[in-house]
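Novice: From first to last, the protein sequence lines are chains U and H.
Counting in our numbering, the first sequence runs from 1 upward without gaps.
Counting in our numbering, the second sequence runs from 1 upward without gaps.
Source of the hints: derived by calculation from the structure; they are not laboratory data.
Among the hints, a few may not be true.
Stated by the list, open to error - Which stretches of chain H does chain U cover? Using the computed rule of at least three CB atoms under 8 Å from a CB of chain U, they are: (1) 165-174; (2) 236-246.
As the list claims (entries may be wrong) - In silico negatives: residues of chain H with every beta carbon more than 10 Å from chain U: (3) N9; (4) R24; (5) K51; (6) W59; (7) Q62; (8) Q131; (9) K184; (10) K205; (11) R212; (12) S220; (13) D224; (14) D253.
What the hints assert, rightly or not - Some chain U residues well away from chain H (every beta-carbon gap over 10 Å; in silico): (15) M11; (16) K51; (17) S68; (18) T99; (19) N132; (20) I137; (21) P189; (22) S198; (23) R212; (24) F214; (25) D232; (26) S241; (27) D253.
All C-beta atoms in this analysis are idealised placements derived from N, C-alpha and C, irrespective of residue type, glycine included.
There are 2 protein chains.
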Amino acid sequence: MFIVGELINGMYKNVSRAIREKDRSLIQRLALEQIECGADALDVNCGPLSKDPKADIQWLVQAIQEVSDSPLTLDSTKPEVIEEGLKLMKNKAIINSTTADKEKLEILVPLALKYKASLIALTMDKKGIPQNKDQRIELAVSILESCQKYGFSVEELYLDPVALPVNVAQQQQKDVLESIRDFKLLSSPPPKTIVGLSNVSQGAKYRSLINRAFLVMAISSDLDAAILDPKDRELMGTLISSELILNRFIYCDSYIEVYKKK
Amino acid sequence: MFIVGELINGMYKNVSRAIREKDRSLIQRLALEQIECGADALDVNCGPLSKDPKADIQWLVQAIQEVSDSPLTLDSTKPEVIEEGLKLMKNKAIINSTTADKEKLEILVPLALKYKASLIALTMDKKGIPQNKDQRIELAVSILESCQKYGFSVEELYLDPVALPVNVAQQQQKDVLESIRDFKLLSSPPPKTIVGLSNVSQGAKYRSLINRAFLVMAISSDLDAAILDPKDRELMGTLISSELILNRFIYCDSYIEVYKKK
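Bound conformation, chain U alone:
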C-alpha cells in the first residue's frame, strides 16, 4: 500500500496558523512525523482560508523539501496553484486532483506529462457525485481515454472512486468498494486506485471504527493507495495487519515495525 499522509492541510487549524505565520518548524515536524509513522508521500493543501494559495503552496513545498525527499501530492482544485507547486518539486510529484471533466483533463493531463508527475483523477464531474458503480466506471473510462489521447502512462494514474460518508450515502459504500476492484479491469496495464479515507466517516459517530473497517475492505478489493492519517496508530496497525492476512509481506513478530521501514 502506498500511504499518503493527510495532515499538512490548511483545513486543520494548526496548519492554517503555520501557513499564516510562516512557521516552518510545525510543517517540517508534521512531515517528519508522518514519514516516521509509515507515510510514503505527503499531501500538501493550503486549505480554504489561504488568501494567496500560489504563494502558500510554494512555501509549503519548500519547507517540506528542506527536511524530506518524500513525494508530495499537490492538492488543490485550481490547476494554476498545483503548477506553482510543481515548478519547485525536486522529487516525485502527484497531482491531486483532476475530475473527469474534459476541460480539467485538458489542462491537468498535459501538466502531469510536462512535470513527469503522477495524477489522481476523481470519477466525478460537473454533474456531481456518481450515484452508483456504473457511473463511476463510465467516468473512469473517459479519464482513461483522455490519458491515452495525450500519451499519459496509465501506470502513473490513480483513479479515485470518490468515497462518500456512510451516514448520508450508506447504500453507495459497496459501489465504491466494487469500483476499486473493477477499475483495474479497464485497461492493461491497469490504473492504480486511491481513496481519501476520512471522507467515509465524515459527520458520523465512532469515526475511527468506520475508517478502519472501510480500509480493510478496500485493501481486500486491492486498493493501491490511500490518503489517511498515518499518525493514527490503530489505523496503521489495521492496514498492516490486513496486508499480512493477504500475504503481501512475510509474517514476523515485529511485523508492525518492519512494515513501516519497508
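Keeping the supplied structure of chain U fixed, place chain H upon it in accordance with the hints.
Specialist: Same frame as chain U, but now just chain H:
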C-alpha cells in the same frame, strides 16, 4: 451476523475453576455479560481438564439456562458429551462440531435431527487440516452430501472453513476467506458459514489487530456467524461498522447500541 460468545470454555482458568468448584454465579455472569455485549448464542465447552465432561456439560447447560434463553453451541469433540448437553436443552441447540469424517457425520447429523439442533461442520478430516481452497470445497461437498442423505436441512448447517493462525499458515488466509464465499455456491438454499475467529491470531503478536482485520474481510465475504469474544469492545465495534458499511442495517448515530439490541 450471528455472534457466538466464546468465553464459557474450560480452557480459560476462571471457567475451569468455576466448573471444578461448581460456582454457578461466575458462569451465569459470563453468560449475561456476553449477551449484554451482543452475543446471539453462547459456546459451552468443558475444556481439556474436565475429568467428567458429561456431567460438566450438563451442569453448565443447567446453570446457563437458569438465567438465559439464548441458544447454546455445545462444544466437544466427543458426540456422547454433546448428547448429554442436548438432552437438557430447553432452547435452540447448535452442535459444535462435526468434521467431514464419515463416521462422525453418521453420528452427529442424526443427533442434530433428533434434537432439532443446528450443526457446525469443520471442513477437515482425519487426514488433517486442508491445505487450500479446493480441499475445503471437496470436504464441504461431502458434508453436504451427508446432510442430504439424512434429510438434514442445509439451512441448519454452518460450514466452518477452519481458520488457521496467520503466523504459521499465512498463505492460506485468502483460501479461507474465499471458501466462505464459495461455500454459499454449493447448494440452494445455501449453507450458513461460521469461523472461530481467535484461531487466526493464535501465537501472533498484536492479536486484536489481526482478529479485527480478518473479521472485516470475512464479513465482506458474507460470513454468517462467528465465534468470538463479544466483550472485546473494539472487535464488536469493528463488526458493527462493517455491517453498516455493507448497508445491512440503517445508519443512525447510536448504531453501536442499536445493533446490540437488535
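Novice: Quick one: work out the minimum CB distance from D232/U to chain H and report holds if it exceeds 10 Å, violated otherwise.
Specialist: holds (13 Å)
Novice: At 10 Å, judged by beta carbons, does R212/U keep clear of chain H as stated?
Specialist: violated (7 Å)
Novice: Just double-check N132/U for me: nearest Cβ-Cβ distance to chain H has to come out over 10 Å.
Specialist: holds (13 Å)
Novice: Taking 10 Å as the cut and beta carbons as the points, is Q62/H off the interface with chain U?
Specialist: Q62/H is indeed farther than 10 Å from all Cβ atoms of chain U, at 38 Å.
Novice: Far enough from chain H: is every CB of that chain over 10 Å from the CB of K51/U?
Specialist: holds (36 Å)
Novice: A cut-off of 10 Å on Cβ-Cβ distance, and K184/H was said to be off the interface with chain U. Does that hold?
Specialist: With a cut-off of 10 Å, K184/H remains clear of chain U, as the shortest Cβ separation is near 17 Å.
Novice: For R24/H, which was marked as not at the interface, is the minimum beta-carbon distance to chain U over 10 Å?
Specialist: holds (36 Å)
Novice: Quick one: work out the minimum CB distance from K51/H to chain U and report holds if it exceeds 10 Å, violated otherwise.
Specialist: holds (36 Å)
Novice: Take a quick look at S241/U and tell me if its Cβ sits farther than 10 Å from every Cβ on chain H, holds or violated.
Specialist: It is violated; S241/U is separated from chain H by about 4 Å at its closest Cβ, not greater than 10 Å.
Novice: At 10 Å, judged by beta carbons, does F214/U keep clear of chain H as stated?
Specialist: Per Cβ check, F214/U is inside 10 Å of chain H; nearest 6 Å; violated.
Novice: Hey, is T99/U genuinely clear of chain H, shortest beta carbon separation above 10 Å?
Specialist: holds (25 Å)
Novice: Checking the smallest CB distance to chain H, is D253/U really beyond 10 Å?
Specialist: It is violated; D253/U is separated from chain H by about 5 Å at its closest Cβ, not greater than 10 Å.
When held up to the earlier numbered hints, the structure conflicts with 10, 11, 12, 14, 23, 24, 26, 27 and fits the remainder.
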